[in-house]
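Going line by line, the protein sequences match chains A and B. Anchor point for the first sequence: position 58 equals 58 in this note's numbering, and the numbering is continuous, going up by one each time. Each number in this note's numbering comes from the position in the second sequence (counting from 1) with 1000 added on.
None of these hints come from the bench; they were simulated from the model. Even glycine gets a Cβ: it sits at the ideal position worked out from N, Cα and C. It is possible that some hints are incorrect.
[Said to hold, decoys possible] If we take Cβ atoms under 7 Å as the criterion, some of the chain A residues that face chain B in the derived model are:
#	residue
1	R5
2	A102
3	V196
4	E215
5	I216
6	I218
7	T225
[What the hints assert, rightly or not] Sample of chain A residues lacking proximity to chain B, with all beta carbon distances greater than 12 Å (derived):
#	residue
8	T10
9	S16
10	V47
11	T80
12	G108
13	M142
14	Q153
15	T170
16	I182
17	R212
18	D227
19	Y253
20	S254
[To be verified] Chain B residues, not near chain A, derived (Cβ > 10 Å throughout):
#	residue
21	T1049
22	E1067
23	E1105
24	R1115
25	G1140
26	P1170
27	S1217
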Amino acid sequence: MSTSRRFYTTIRILKSGAVNLFRNAWLTVAATAVMVVALSIILLAVVLNVTANNAISELARDLKASIYLTNSATDEDIVTLRDDVQSLDFVEAVDYVSQDQAQKDLAGDFENDSEILQALALAGEDALPASLRITVSDLERMPEIKEFVEQDQYSDSVESVSLGQTDAQTTIDRAAAAQRFINIGSILAASVLSVVSIMIIFNTIRMAIYTRRDEISIMKLIGATPDYIRGPFLVEASLYGVIAGFIACGIAYSLVFSMGKKVADQPEFSQTYTFFTQPNIIIVMALSAILVGILIGAVSSMMAMERHLRLKNW
Amino acid sequence: MILFDRVTKKYKKKGAVLERINLHVEPKEFVVLVGESGAGKSTLLKLLTREEKPTGGKIIVGGIDYERLKDKDIPFLRRKIGVVFQDFKLLSNRTVFENVAFALEIVGMSNKEIRHTVPKVLNIVGLKSKADSYPSELSGGERQRVAIARAIVRQPKILIADEPTGNLDPKHAWDVIKVLEKINRYGTTVLLTTHNRDIVNKLKRRVVTIKDGKLSSDRARSEYKL
């Protein structure tokens, strides 16, 4: 077939597919609607997953281990201990906090609580020990710090070890549990809805094949190729995916913008909001939704054609 | 142009529908295939369009040996053979012009070429003035002429007409036959199946008779004899 004939054939297949879409208006609405819900869930699952991940990282950054030092620890002991802890592969940073600094920090934290400030003043300079404040890259391994500094060689320098603030750890655990729930729930919901979507499109295309059975038999008899007969059905089903992808992206982003604006100034969410509202990310999300939609449409229409078009036996 | 060499077609339930058919049709010939209902005429035509495969024997059409024909080549074979059916097989939601254009659309012809070609063919079948009509607005004879226009618009070397006058009154039937004769005069090989004794007798063409799946007679310029 010459290039120009191939061009006209392609145009006719696309046109015929688009015409079928409008011819079966109600079926189109049904097929597209279910796919919109499935794709919206998939997109929102991605957004929530990234949000949860970023929020957990942000919270984890505040969670630090502290090694409280004895008053008898010399500068040399402290430097040795700091260097040894720093050498652990999951340790990101080790900061020395002097007794004076610790007192100032605490006073700063409770600047409006006169009773605590008075108590601090009464206790004097030695009330709070000097410490090494440790930032880790992997929260799971934080307990290893305790095991490490409990070795005999550090017994003269180390008073005690504190593994982060318990309320922050609880928040992280809750966020991680929510993330797991979102992941499992969204995978289940998206899978069920994708299957429902495939079934509806399968039936829509089956109906379209039935409606056009006379035309198909004439096409076969006057020499249409199988691709020419299949093409419009594939285009029709893929167009459901394109439309559903656009709508799903619109729904997901209207939620991202409306909900995101409310929490964008909180450090746990600001990075995520900025990430998802970048134009190139919006384009990638839209294209991904459209591609998944096309895939669902194409798979279901091919299943329907395989079963009902019977193009193998001419 | 058409060669059937000891062609047999058997079905599991019905048994043999055609048995050792030998038939040779020359280019530009007009052959009338007669026989009672169920004699095997339509099966023979289905073998020609490759809607059916023979159980035995050899079929060669326009130099194409059907034994060597692959499934993917069947659409291209059918583009070389025009077919007209008793029930017209027109698309009711398309106009006369669009029904004829349909045969050109599927081969990828441009709209400009289609606009140029279709009116010429409608002129041959005498329906130029009905281009914008829908099949439901036409008489049976006119519908059959639309089907003929669709079958010849790609200028096939062979035109198969399976009982094209079966649903028509004598006047319209004869109009259709006259169109087929005209197409044959332009150089197309015509294979016509019919029950109509008057048509066969008036045509005075080669008559091939099939009886109980066997070729019972093959006479030049003959009449209807069963």
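Structure-based check of all given hints:
The closest approach between the C-beta of A:R5 and any C-beta of chain B is roughly 3 Å, which is under the 7 Å cut-off, so the hint is satisfied. Interface hint at A:A102: violated, since its Cβ lies 83 Å from the closest Cβ of chain B, which is beyond the 7 Å cut-off. Taking 7 Å as the C-beta cut-off, the interface hint given for A:V196 is violated, the closest approach to chain B being about 32 Å. Nearest Cβ of chain B to the Cβ of A:E215: about 6 Å, under the 7 Å cut. The hint holds.
Restraint check, A:I216 versus chain B: the minimum CB separation of about 11 Å is more than 7 Å; hint violated. Annotation: A:I218 was flagged as interfacial toward chain B, and the flag holds, the nearest CB pair being 5 Å apart, inside 7 Å. Restraint check, A:T225 versus chain B: the minimum CB separation of about 5 Å is within 7 Å; hint holds. For A:T10, the shortest C-beta to C-beta distance to chain B comes to about 9 Å, within the 12 Å cut-off, and the non-interface label is violated.
Chain B draws A:S16 into its interface by the beta-carbon criterion, the shortest separation being 9 Å against a cut-off of 12 Å. For A:V47, the non-interface assignment is confirmed: its Cβ lies about 45 Å from the closest Cβ of chain B, beyond the 12 Å cut-off. The beta carbon of A:T80 sits about 80 Å from the closest Cβ of chain B, which is more than 12 Å, so the claim that it is off the interface holds. With a least beta-carbon separation of about 79 Å from chain B, A:G108 lies farther than 12 Å from that chain, consistent with its non-interface assignment.
Against the 12 Å criterion, A:M142 stays outside the reach of chain B, whose nearest CB is about 66 Å from its own CB. Taking the minimum C-beta to C-beta distance to chain B, about 80 Å, the non-interface status of A:Q153 holds against the 12 Å cut. A cut-off of 12 Å between C-beta atoms confirms that A:T170 is not in contact with chain B; the least separation is 66 Å. For A:I182, the condition that its CB be more than 12 Å from all CB atoms of chain B holds, with the nearest at approximately 49 Å.
Look at A:R212: its CB is around 10 Å from the nearest CB on chain B, not clear of 12 Å, so calling it non-interface is violated. With a closest Cβ-Cβ approach of about 10 Å to chain B, A:D227 is found to fall inside the 12 Å limit, against its non-interface label. With a least CB separation of 40 Å from chain B, A:Y253 remains clear of the 12 Å interface cut-off, as annotated. Under the 12 Å C-beta cut-off, the non-interface status given to A:S254 relative to chain B holds; the minimum distance is some 40 Å.
Not every CB of chain A lies more than 10 Å from the CB of B:T1049, the least distance being 7 Å, so the non-interface label is violated. Its beta-carbon lying about 15 Å from the closest one in chain A, B:E1067 satisfies the requirement of being farther than 10 Å from that chain. Under the 10 Å C-beta cut-off, the non-interface status given to B:E1105 relative to chain A is violated; the minimum distance is some 6 Å. The claim that B:R1115 lies off the interface holds: its Cβ sits roughly 13 Å from the closest Cβ of chain A, which is beyond the 10 Å cut-off.
Listed as outside the interface, B:G1140 is consistent with that label: its C-beta sits roughly 18 Å from the nearest C-beta of chain A, beyond the 10 Å cut-off. In this structure B:P1170 is separated from chain A by more than 10 Å, as the shortest Cβ-Cβ distance comes to about 28 Å. Even its closest Cβ contact with chain A, about 30 Å, leaves B:S1217 beyond 10 Å, as expected for a residue assigned away from the interface.
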